[in-house]
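*Asks:* First to last, the sequence lines map onto chains A and B. Heads up, the first sequence is in this note's numbering, so the first residue is 1 and it goes up one at a time. Heads up, the second sequence is in this note's numbering, so the first residue is 1 and it goes up one at a time.
FYI, nobody ran anything at the bench for these hints, they're computed from the structure. Note that the structure is a prediction, hence the values are computed from the model and not measured. Hints may contain errors.
The list cannot tell twin chains apart, which means a pair is met if one copy fits it or any two copies do.
[Claimed, not checked] With a cut-off of at most 30 Å between alpha-carbon atoms, the simulated DSBU-like pairs for lysine-lysine come out as follows: (1) Lys220 with Lys333; (2) Lys317 with Lys333; (3) Lys220 with Lys351; (4) Lys5 with Lys343; (5) Lys361 with Lys333; (6) Lys239 with Lys297; (7) Lys239 with Lys220; (8) Lys25 with Lys297; (9) Lys317 with Lys387; (10) Lys333 with Lys297; (11) Lys297 with Lys220; (12) Lys333 with Lys351; (13) Lys297 with Lys317; (14) Lys343 with Lys361.
Here are the chains, one letter per residue:
Number of protein chains: 2
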Amino acid sequence: MVDHKVYRASTFAPVNIAVIKYWGKRDASLNLPTNSSLSVTLSQSDLRTHTTASCSALYTRDELILNGSTQDISGARTQACLSELRSLRTALETSDSSLPKLAQLHLKIVSVNNFPTAAGLASSAAGFAALVRAIADLYALPASPVELSRIARQGSGSACRSLFGGYVAWEMGSADDGSDSVAVEVAPASHWPDMKAVILVASADKKDVSSTSGMQATVKTSSLFKERVEIVVPQRMSKMRAAVQERDFESFAELTMRDSNSFHACCLDTEPPIFYMNDTSRAAVRVVDAINEAAGKKVAAYTFDAGPNAVVYYQEKDEALVAGVFGNILEEKEGWQGERGQKVQSSQVPKGVEVATEKLKTGVSRVILTGVGEGPIKTDEMLVGEKGETL
Amino acid sequence: MVDHKVYRASTFAPVNIAVIKYWGKRDASLNLPTNSSLSVTLSQSDLRTHTTASCSALYTRDELILNGSTQDISGARTQACLSELRSLRTALETSDSSLPKLAQLHLKIVSVNNFPTAAGLASSAAGFAALVRAIADLYALPASPVELSRIARQGSGSACRSLFGGYVAWEMGSADDGSDSVAVEVAPASHWPDMKAVILVASADKKDVSSTSGMQATVKTSSLFKERVEIVVPQRMSKMRAAVQERDFESFAELTMRDSNSFHACCLDTEPPIFYMNDTSRAAVRVVDAINEAAGKKVAAYTFDAGPNAVVYYQEKDEALVAGVFGNILEEKEGWQGERGQKVQSSQVPKGVEVATEKLKTGVSRVILTGVGEGPIKTDEMLVGEKGETL
Chain A
1 MVDHKVYRAS TFAPVNIAVI KYWGKRDASL NLPTNSSLSV TLSQSDLRTH
51 TTASCSALYT RDELILNGST QDISGARTQA CLSELRSLRT ALETSDSSLP
101 KLAQLHLKIV SVNNFPTAAG LASSAAGFAA LVRAIADLYA LPASPVELSR
151 IARQGSGSAC RSLFGGYVAW EMGSADDGSD SVAVEVAPAS HWPDMKAVIL
201 VASADKKDVS STSGMQATVK TSSLFKERVE IVVPQRMSKM RAAVQERDFE
251 SFAELTMRDS NSFHACCLDT EPPIFYMNDT SRAAVRVVDA INEAAGKKVA
301 AYTFDAGPNA VVYYQEKDEA LVAGVFGNIL EEKEGWQGER GQKVQSSQVP
351 KGVEVATEKL KTGVSRVILT GVGEGPIKTD EMLVGEKGET L
Chain B
1 MVDHKVYRAS TFAPVNIAVI KYWGKRDASL NLPTNSSLSV TLSQSDLRTH
51 TTASCSALYT RDELILNGST QDISGARTQA CLSELRSLRT ALETSDSSLP
101 KLAQLHLKIV SVNNFPTAAG LASSAAGFAA LVRAIADLYA LPASPVELSR
151 IARQGSGSAC RSLFGGYVAW EMGSADDGSD SVAVEVAPAS HWPDMKAVIL
201 VASADKKDVS STSGMQATVK TSSLFKERVE IVVPQRMSKM RAAVQERDFE
251 SFAELTMRDS NSFHACCLDT EPPIFYMNDT SRAAVRVVDA INEAAGKKVA
301 AYTFDAGPNA VVYYQEKDEA LVAGVFGNIL EEKEGWQGER GQKVQSSQVP
351 KGVEVATEKL KTGVSRVILT GVGEGPIKTD EMLVGEKGET L
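Please put together the full structure from these sequences, using the hints given.
*Replies:* Here is the structure:
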């Protein structure tokens, strides 16, 4: 008799934004990076992927549905994740024959983001973290988040960091098989809970170059990149760990801004050059510089991923000084209603950034207020019904 | 009896645009650079400074008038040039007592650019080259252009390269006193006369950071800069010399574009970051990339100085392929009438750069068509009259 049961597990997984950037692979098929990186996991009330993994004898093929659209899962990266997870389940089933034989069933995975995928907000990181976490739960794997991070890394490099909340390092590792290229917790969100961020979503043209092809072009052609990965980043990684341990925002800010600029400098040093920052991004840099200048110390830190959006970190106590300035400049834009419905207190724009201020008004489409948050959270909210139907 | 004669000499001096960039001083007061650089001297029919140097017992002070405005010449840089030139004249007068005692007379220097000073077109290079060359002629100094380049360097680093026409290297030198930090001819204009350039003058906001303060900030704070000056530029200098010697435009183009990008990468890696390229500059990069892609080889090479203007080098035989594309995109702008009144043949814009094309239309204010040209040229056209009056 065939078991027609639909096995299901569901998770929420967060976005993370690196403060020491991942850029460049030493092994493209295993997604092994040229340098370690460090990120802040962002709150899931603002940005998250919700994923249900299910398996059943009813299914006739593996399937992944993201935001209502069936995705191509034949790519090596998705396949690597599915096959690693199935192997772990098979091992479990072998050691305990009472377990249902889930590894041999087809999977149906349904995933929904609570933010626009196209906005360039690290959706693939949250996506692969959620996929791996949900299937691990479905399979009841005893694997630790570190072990799961090794699997998620193969889907999308930065996804490995979304297996943890708080402050997370992705250790580049040295093994050829990538077994030691995993994410580890540097500190939980509770260690430094008042880390906040305002994201300025830029009205972008199409992305200049995909990060996958862009980073390999940098590895191949940039003559400055070697210095970055061999000398600059290792030093920054240890300083950034210390800054997080000591909740030293000034060091955190300086390292964050320098590393973002170093990453984009290497993009510019690529042949042909890659531009992710645009005039709007540069205007955000100038306003952050002016905020810090006015405060007489670093109270704000910008960082830019492979796109023009500015993520500006600050501490909650400086909300008026930082988010308040952007709130003043961009008060007409969507996104100022925080999680608790409160409005950021508007504060005066520092002098000398009139041109940048105008540029932000025309170049920013919306804002997102967020802060450090937790890792993946198991949930009973299912996106697949008991009969295998998409809900 | 006092000699009331007004001694005069007049010169035209050219602008030069580096293809291996000067950025960073190892000695700020002597203007000694952290790396050698190489430039193309541009034709004086398009861009030049016209300077008359005069001296007379009628004058009561040293004076410099640029484009009708009296300039402050008390700065160390101008003073260094004047005092070096006077020393050489004094030595001459000492060795031949029949010579008039010009070194002890006050100087009146009148200078006019045939292009807008504010456009960010290396006006200080042409300006100091003209000043030094005109005074050297006034003093009848037997000094070679190499020796004069050592003096002009102290006024404005890149000015030393404007003492020569054609293809010019500024050797960084190693002596503490700067005696071997001079410009030398790599090849005369006649060696490779078909080098042309179209300059896209961007409608800029105020310059982000002056190059003088900007380059010192880079030296101090950029963690990638050391690699550039110690490893990257020395390799490129020797390759660029070879490219010029062999008239190898493809190598010339690749090195030119890479070095421009490397320089701007180091600006971005500065704390706080320096941005000279803007969205218009980046659009020019994309169009040049597309022109080269369509040609199947490098027929065009962009380079950007400390500002958003693109200088695009190409060979005369490729005028339609390169200038013709910009002529099509920017046909409404001023500047397409070349020296001989001819119009550039318009040619089809490559596909895929529609966004960049629109950006250029709004961001470029005018164009300048030019090409490789000669060094300073002595002239009888005086800007100071026989009685010392400004003409």
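*Asks:* Does each hint hold? Answer for all of them.
*Replies:* Comparing the hints with the structure gives:
1. In this homomeric assembly, Lys220 and Lys333 never come within 30 Å of each other (Cα to Cα): the closest approach is 40 Å inside a single copy and 39 Å across copies.
2. In the homo-oligomer, the alpha carbons of Lys317 and Lys333 lie at most 30 Å apart inside one protomer (23 Å), although the nearest pairing across protomers, at 52 Å, exceeds that limit.
3. Within a single copy, Lys220 and Lys351 get their C-alpha atoms only as close as 42 Å, which misses the 30 Å cut-off; across copies the closest is 26 Å, which meets it.
4. Proximity of Lys5 and Lys343 under a CA criterion of 30 Å is satisfied in neither setting, with 47 Å inside one chain copy and 77 Å between copies.
5. Proximity of Lys361 to Lys333 under the C-alpha cut-off of 30 Å is found in both arrangements, the shortest distances being 9 Å within a copy and 29 Å between copies.
6. In the homo-oligomer, the alpha carbons of Lys239 and Lys297 lie at most 30 Å apart inside one protomer (18 Å), although the nearest pairing across protomers, at 45 Å, exceeds that limit.
7. For a Cα distance limit of 30 Å, the shortest separation of Lys239 from Lys220 qualifies both inside one copy, at 28 Å, and across copies, at 19 Å.
8. Within a single copy, Lys25 and Lys297 get their C-alpha atoms only as close as 35 Å, which misses the 30 Å cut-off; across copies the closest is 29 Å, which meets it.
9. For the homomeric pair Lys317 and Lys387, neither the shortest alpha-carbon distance inside one copy (49 Å) nor that between copies (71 Å) is at most 30 Å.
10. Proximity of Lys333 and Lys297 under a CA criterion of 30 Å is satisfied intra-copy only: 28 Å inside one chain copy versus 46 Å between copies.
11. With identical chains, the CA atoms of Lys297 and Lys220 are at most 30 Å apart between copies only, with a shortest distance of 20 Å across copies and 38 Å within one.
12. Only within a single protomer do Lys333 and Lys351 lie at most 30 Å apart by alpha-carbon distance; the minimum there is 22 Å, versus 35 Å between protomers.
13. Taking the shortest Cα distances, Lys297 and Lys317 sit within 30 Å of each other inside one copy (14 Å), while across copies they are farther apart (56 Å).
14. For the identical chains of this complex, Lys343 and Lys361 are intra-copy neighbours only, at 19 Å inside a copy versus 40 Å across copies, given an alpha-carbon limit of 30 Å.
Checked against the numbered hints above, the structure violates hints 1, 4, 9; every other hint is satisfied.
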